[in-house]
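Chemist: Sequence:
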Amino acid sequence: MKVEFLREKYPKFVYQKYSYQISGKNLEIFFDFKIEPNLKFRSKIIIENINQNLPRWNLGKIDNLVFHLGLMEIPSYWKATCSPIIEVEAGKLNKEQIKWWEDLIIKGMGQFFYQNKINFRQPNFLKIRSLGRFDLRKADTGPTCDRYLVPFAGGRDSIVTLENLKKKGETALFLVNPNEQIKKVVKVTGIKKQIIVRRTIDKKLLELNKKGYLNGHTPFTAVLSFLSVLCAVLFDYKNIVFSNEKSADEGNLKYLGKMINHQWAKSSEFEKMFKKYCKKFLVKNINYFSYLRKYGELEISKMFIKYPKYFSVF
1 MKVEFLREKY PKFVYQKYSY QISGKNLEIF FDFKIEPNLK FRSKIIIENI
51 NQNLPRWNLG KIDNLVFHLG LMEIPSYWKA TCSPIIEVEA GKLNKEQIKW
101 WEDLIIKGMG QFFYQNKINF RQPNFLKIRS LGRFDLRKAD TGPTCDRYLV
151 PFAGGRDSIV TLENLKKKGE TALFLVNPNE QIKKVVKVTG IKKQIIVRRT
201 IDKKLLELNK KGYLNGHTPF TAVLSFLSVL CAVLFDYKNI VFSNEKSADE
251 GNLKYLGKMI NHQWAKSSEF EKMFKKYCKK FLVKNINYFS YLRKYGELEI
301 SKMFIKYPKY FSVF
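Counted the way full-length UniProt numbering counts, the sequence shown spans residues 1 to 314.
Hints in this document: simulated from the structure, not taken from any laboratory.
For clarity, every value in this text was computed on a predicted model and none was experimentally measured.
Careful, some of the hints might be misleading.
Straight line, CA to CA, 35 Å or less: simulated DSBU-like cross-link-like pairs of lysine-lysine [unchecked claim]:
#1 Lys203 x Lys34
#2 Lys40 x Lys275
#3 Lys99 x Lys40
#4 Lys284 x Lys99
#5 Lys92 x Lys12
#6 Lys183 x Lys294
#7 Lys117 x Lys9
#8 Lys166 x Lys309
Can you make the complete structure from the sequences, with help from the hints?
Modeler: In structure tokens form, the structure reads like this:
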């Protein structure tokens with residue numbers, strides 16, 4: 001379907017609400033979205049083995065983090081129609097925050113715009129409106145335990161980061177929808193502490209894709225960033241250490257006069273944006289950074305060969 005037709009037929013995307021509950025040992029989180037007039041979605045996230053931490057934190061204190069996680073889920077559903085207006089009913093955003101989120105969508109969805117030949121530079125392409133009554137903007141103090149949470153995808157980059165951090169202090173793996181290959185690598189790490197998250201996309205979105213609605217790249221590392229902050233607070237990890245390397249700053253091509261970088265959410269630009277936003281609006285004392293930022297692929301490969309125990313799982 002043509003983007004002009006979809007934007008006219010579906011003029012408004014609404015982030016209606018978020019909710020969460022303890023179910024057994026897990027924390028279940030739900031986000032409800034609507035694309036007017038008639039498309040509805042429910043996104044689900046499960047954070048496993050959470051009940052052991054219940055005495056240490058109050059559920060109400062994570063409202064702001066859950067609300068923001070829902071904001072970060074928006075691009076995955078909004079992209080189906082590229083509605084010109086996004087309305088946020090689930091919580092309140094100020095002008096600075098609205099500008100930040102508009103920038104994130106435009107920069108983070110660059111490859112999607114290019115692949116679908118979408119003119120994201122046209123007047124009034126995207127406007128975010130905040131309709132929420134509840135002001136959730138106050139940043140919490142956050143974790144106090146100086147240990148490391150490592151988002152882990154089982155690749156060479158995250159292995160190098162993990163092996164170096166193991167020498168510095170207590171380390172846990174942060175795993176989102178780990179597949180069998182990742183589980184094999186995790187076993188080799190020897191790390192027992194694993195924070196596992198299950199993220200589920202509404203099947204109705206997949207059905208729309210089959211019908212010809214818009215589809216393509218979304219900034220998944222940005223999703224991981226917001227998810228990791230929530231988990232760092234719940235499990236008390238002060239340091240969140242990604243494995244994004246130097247080449248993530250390199251653009252791929254120019255489209256409509258703007259550089260498109262399919263790894264933008266792994267770039268130093270996003271890292272700086274996120275750290276600033278996190279300290280002001282989410283959690284004050286989270287130390288979020290990429291361990292491999294100054295290294296290139298060749299340098300990382302040279303570091304990786306120091307750990308031959310992983311060779312058998314590649």
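Chemist: What are the numbers of the hints that this structure violates, sorted from low to high?
Modeler: No hint contradicted; all consistent.
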